[in-house]
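Chains as they are written, first to last, in the numbering used here: chain A, 1 to 114; chain B, 1001 to 1113.
FYI, nobody ran anything at the bench for these hints, they're computed from the structure.
Residues from chain B shown here face chain A by an in silico Cβ test under 8 angstroms; the list is partial:
#1 1032
#2 1042
#3 1049
#4 1090
#5 1101
Derived DMTMM-like pairs: lysine to aspartate or glutamate, alpha-carbon spacing no greater than 20 angstroms straight-line:
#6 13(A) / 75(A)
#7 13(A) / 82(A)
#8 1049(B) / 1088(B)
#9 57(A) / 1095(B)
#10 1069(B) / 100(A)
#11 57(A) / 101(A)
#12 1049(B) / 100(A)
#13 1069(B) / 1020(B)
#14 1049(B) / 101(A)
#15 1049(B) / 1020(B)
#16 1049(B) / 1066(B)
#17 1069(B) / 1095(B)
Far from chain B, by Cβ distances over 12 angstroms, these chain A residues were calculated:
#18 15
#19 16
#20 20
#21 84
Quick reminder that beta carbons are idealized off the backbone N, C-alpha and C, glycines included.
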Amino acid sequence: KAGVTQTPRYLIKTRGQQVTLSCSPISGHRSVSWYQQTPGQGLQFLFEYFSETQRNKGNFPGRFSGRQFSNSRSEMNVSTLELGDSALYLCASSLGTGGEDTQYFGPGTRLTVL
Amino acid sequence: AQSVTQLDSQVPVFEEAPVELRCNYSSSVSVYLFWYVQYPNQGLQLLLKYLSGSTLVESINGFEAEFNKSQTSFHLRKPSVHISDTAEYFCAVSELRGQNFVFGPGTRLSVLP
Chain A
1 KAGVTQTPRY
11 LIKTRGQQVT
21 LSCSPISGHR
31 SVSWYQQTPG
41 QGLQFLFEYF
51 SETQRNKGNF
61 PGRFSGRQFS
71 NSRSEMNVST
81 LELGDSALYL
91 CASSLGTGGE
101 DTQYFGPGTR
111 LTVL
Chain B
1001 AQSVTQLDSQ
1011 VPVFEEAPVE
1021 LRCNYSSSVS
1031 VYLFWYVQYP
1041 NQGLQLLLKY
1051 LSGSTLVESI
1061 NGFEAEFNKS
1071 QTSFHLRKPS
1081 VHISDTAEYF
1091 CAVSELRGQN
1101 FVFGPGTRLS
1111 VLP
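Here chain A stands alone, though its shape is the one from the complex (with noise of 0.2 angstroms):
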């Protein structure tokens, strides 16, 4: 099975713009997860989508959006980029959205914010 994909690897965007990151999970996953990696916070979660819902939200500005289609991609869109968004973007898919479900990580998204 091809395992979860991320695109694009890497941006580039200015102050102000917007953002939009894609993610395929893997064949027959229903659960779509996304995390932000910095070097001073660590791995955040950030929403996790499970047939077209959210199911759950971390702690970040409306600012971070998200949204899951029904083939269980999932994308996830930041507006009004400020530089502290920099960070590598993490998707992560499961079978379901119990706690014994393994997350299976993409390779992530690196955003970089002039």
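Following the hints, complete the assembly by docking chain B onto the known chain A.
Structure of chain B alone, referenced to chain A:
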């Protein structure tokens, strides 16, 4: 809410030496426990997990971790490390209900020749 502590931010060790990466968690409910590894410029890969049953779990590449409920710990060990084990290791917990994964800050393992 859960929290995860990894006391050692960096662990340097010589090749073929044993290593232990510490993980302690705090939670008011029962949890599942995971160790993930992240190689440079890559995403996270599952190393091993504890769901139930035997408290000692092993990975295919020689790592093992033991769940200790009384000490709320899930330390990762390997009896003999290789250069290729150089990576960042993350401990994570999730509640039995709902996939609310919480990751520790990570431990950077550097294996020296």
